[in-house]
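Chemist: Starting from the known structure of chain U, fit chain V onto it as the hints suggest.
Residue numbers (numbering that gives the first Met the number 0), protein chains in the order written: chain U, 0 to 334; chain V, 0 to 334.
The set of hints was computed from the structure by calculation and includes no laboratory data. All C-beta atoms, glycine included, are put in the ideal place defined by N, C-alpha and C. Fair warning: there could be bad hints in the mix.
What the hints assert, rightly or not - Using C-beta positions, here's what the derived DEER-type ranges look like: (1) U:K296 - V:E147: 49 to 59 Å; (2) V:E119 - U:N276: 43 to 53 Å; (3) V:Y81 - U:D143: 44 to 54 Å; (4) V:E116 - U:D182: 56 to 66 Å; (5) U:D299 - V:G100: 42 to 52 Å; (6) U:A316 - V:T246: 21 to 31 Å.
Listed below, chain by chain, are the residues.
Protein chains: 2
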Amino acid sequence: MNNITIKSPLDMHLHLRDKEMLKIVAPLSAKSFSAGIIMPNLVPPITTIEDIKNYKQRIIDSIKNEKFEPLMTLFFKNNYTYKFLEEVKEYISAIKLYPSGVTTNSHEGVSNMNIEELRETFEAMSELGIPLCVHGETDGFVMDREAEFVPIYEQFAKNFPNLKIIMEHITTKNSVNLLNCYDNLYATITVQHLFITLDDIAGGMLKPHLFCKPIAKRYEDREALLSVALSGHHKVMFGSDSAPHPTDKKECFGCAAGVFTAPIALMALTSLFDSNNALENLQAFVSDNAQKIYSYKPLDKRIELTKKPFVVPLNYANIVPMFAGEELPWSIVTK
Amino acid sequence: MNNITIKSPLDMHLHLRDKEMLKIVAPLSAKSFSAGIIMPNLVPPITTIEDIKNYKQRIIDSIKNEKFEPLMTLFFKNNYTYKFLEEVKEYISAIKLYPSGVTTNSHEGVSNMNIEELRETFEAMSELGIPLCVHGETDGFVMDREAEFVPIYEQFAKNFPNLKIIMEHITTKNSVNLLNCYDNLYATITVQHLFITLDDIAGGMLKPHLFCKPIAKRYEDREALLSVALSGHHKVMFGSDSAPHPTDKKECFGCAAGVFTAPIALMALTSLFDSNNALENLQAFVSDNAQKIYSYKPLDKRIELTKKPFVVPLNYANIVPMFAGEELPWSIVTK
Numbered sequence: 000m001n002n003i004t005i006k007s008p009l010d011m012h013l014h015l016r017d018k019e020m021l022k023i024v025a026p027l028s029a030k031s032f033s034a035g036i037i038m039p040n041l042v043p044p045i046t047t048i049e050d051i052k053n054y055k056q057r058i059i060d061s062i063k064n065e066k067f068e069p070l071m072t073l074f075f076k077n078n079y080t081y082k083f084l085e086e087v088k089e090y091i092s093a094i095k096l097y098p099s100g101v102t103t104n105s106h107e108g109v110s111n112m113n114i115e116e117l118r119e120t121f122e123a124m125s126e127l128g129i130p131l132c133v134h135g136e137t138d139g140f141v142m143d144r145e146a147e148f149v150p151i152y153e154q155f156a157k158n159f160p161n162l163k164i165i166m167e168h169i170t171t172k173n174s175v176n177l178l179n180c181y182d183n184l185y186a187t188i189t190v191q192h193l194f195i196t197l198d199d200i201a202g203g204m205l206k207p208h209l210f211c212k213p214i215a216k217r218y219e220d221r222e223a224l225l226s227v228a229l230s231g232h233h234k235v236m237f238g239s240d241s242a243p244h245p246t247d248k249k250e251c252f253g254c255a256a257g258v259f260t261a262p263i264a265l266m267a268l269t270s271l272f273d274s275n276n277a278l279e280n281l282q283a284f285v286s287d288n289a290q291k292i293y294s295y296k297p298l299d300k301r302i303e304l305t306k307k308p309f310v311v312p313l314n315y316a317n318i319v320p321m322f323a324g325e326e327l328p329w330s331i332v333t334k
Numbered sequence: 000m001n002n003i004t005i006k007s008p009l010d011m012h013l014h015l016r017d018k019e020m021l022k023i024v025a026p027l028s029a030k031s032f033s034a035g036i037i038m039p040n041l042v043p044p045i046t047t048i049e050d051i052k053n054y055k056q057r058i059i060d061s062i063k064n065e066k067f068e069p070l071m072t073l074f075f076k077n078n079y080t081y082k083f084l085e086e087v088k089e090y091i092s093a094i095k096l097y098p099s100g101v102t103t104n105s106h107e108g109v110s111n112m113n114i115e116e117l118r119e120t121f122e123a124m125s126e127l128g129i130p131l132c133v134h135g136e137t138d139g140f141v142m143d144r145e146a147e148f149v150p151i152y153e154q155f156a157k158n159f160p161n162l163k164i165i166m167e168h169i170t171t172k173n174s175v176n177l178l179n180c181y182d183n184l185y186a187t188i189t190v191q192h193l194f195i196t197l198d199d200i201a202g203g204m205l206k207p208h209l210f211c212k213p214i215a216k217r218y219e220d221r222e223a224l225l226s227v228a229l230s231g232h233h234k235v236m237f238g239s240d241s242a243p244h245p246t247d248k249k250e251c252f253g254c255a256a257g258v259f260t261a262p263i264a265l266m267a268l269t270s271l272f273d274s275n276n277a278l279e280n281l282q283a284f285v286s287d288n289a290q291k292i293y294s295y296k297p298l299d300k301r302i303e304l305t306k307k308p309f310v311v312p313l314n315y316a317n318i319v320p321m322f323a324g325e326e327l328p329w330s331i332v333t334k
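Same shape as in the complex, but just chain U:
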């Protein structure tokens, strides 16, 4: 097959940031995708209806005439009441929970995963049908953080069987295994975690542009992620976690976490699925599964790709993308 058309591709985990950065990156996502789950970890985080409305408007202003729906999220706080969530529900697609300090702009996140402190908000979300997106890492050793979060995911899943829980950007075999243990657990997977391991970041030269949280793990972890993504596992969705940082925040004394993949994600995924003879499952991974999990009907938008090499630019404005300067076998057909 030398051509493929993806119907309404969805990016179920996207950082668009704000201000100048938003204006640079939002159009790049809007070009490839029909919609995206927009992460709320701005400074300060998105916690009110007003925040959501204003941020959504700024996103829409940034993408100009492109057909793209920003699916807004709220930054989880355990003092959200049923009443507040009932009001906010129509403006959001999910609520994102960050353990405090685990990644960029997460310091206002939850510092104590005590189930009783979360119960009221989780129960309200369950009743109202609002999905919970989770950055599942502890504050342990960097290679163990996600594995150490497994018991917390299990507690959440068991105690709140009607809460739809999305394990965001999973990177380990353990997380993949969890998917089949609890009906209410789902997952997103990024581009980079399907391509790289810690060896690509630190096995040769150190590569800051491949550094993100959770950090890429071992070969057996990548294999497990590939197995569910390539098979189109119904509980797994594509979420790029595309996180732009200007070059001077990446190539420096202390480099920020995040890989920028938005503009090349669809081409990279098509190339990956093709080279693994799994193109027939790409539509499920990049759209259909997410539509079912989120009960969401996207805008009709078709992206055609063709088996013609695409040389990834060295940068988009001041941001270096994944695969910068490399060739991807598939490219988007621009009309």
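Modeler: Using the frame of chain U, we list chain V on its own:
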């Protein structure tokens, strides 16, 4: 105790590089140390008597009037004959073996660890009493490379019981355990591996200046290294592996491996040993053990340190040192 005098401190693993870099870094080592084992991984590597003599002279020219003895090494090649080694012996203190491709300028190293291919050279070295220094890493997953090298160390140790084998810059619990299993195995330990784990490199922001090969490992590994260093274990020596790279080769798209510690090593170690109530073992770790292992009598040089804070410079010329901008509790008394 608020003052300590170290007699003839030795850095048993040191990269001085060449040309401009040599002129910057050699005086900094010469200021704190009485002698250093100079690594031969230049481009091209040091493989002849002429190379050794010339490089040694360039080092001596760089350190000017400072009292410091460069202890030269040869880059291991498995075609070194007994005759050649007999001639070269008086010019060197050891021969350094690099598996091909494991670190900076190692591509001319050994690509096959087959014991029979190494036998002739190893036997000649055993007979002539030339120590073998080894960068013990395989080409496996970055966190496993040193552990995977254990069977190779064991083969070396068993097959060549009269060869003095130094496991350079060890970073794991496994390597520490090996020390007690074979009489002819010894080790060097760096500053950074006594202070950091992978968390310091990649657990928060990514820190290129702490990135080196072998990469820092887990907490239990650091504990094991600390236990033998702080106790003054007689088979363990200080070797900084201080490896200078200009800032534009560290804070960039692909960062070179190496931590620059030469100018602050002695202050950092004294601070570490003091905070662990182990100052009485510092002399053994930074000099006495090495003298016995290498049967080496150093120049008499005394370095006095005092418990007075030293603020580490943000850079030395264009090289960022470990602990840049931080305060070390102990400083060298300059006369």
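Chemist: Hint by hint, say whether it matches the structure.
Modeler: Status of the hints after comparison with the structure:
1. U:K296 - V:E147: 49 to 59 Å: holds, 51 Å
2. V:E119 - U:N276: 43 to 53 Å: holds, 50 Å
3. V:Y81 - U:D143: 44 to 54 Å: With a Cβ separation near 50 Å, Y81 of chain V and D143 of chain U satisfy 44 to 54 Å, so the hint holds.
4. V:E116 - U:D182: 56 to 66 Å: holds, 58 Å
5. U:D299 - V:G100: 42 to 52 Å: holds, 51 Å
6. U:A316 - V:T246: 21 to 31 Å: This hint holds: roughly 24 Å between Cβ atoms.
Comparing the model with each numbered hint stated earlier shows that all of them hold.
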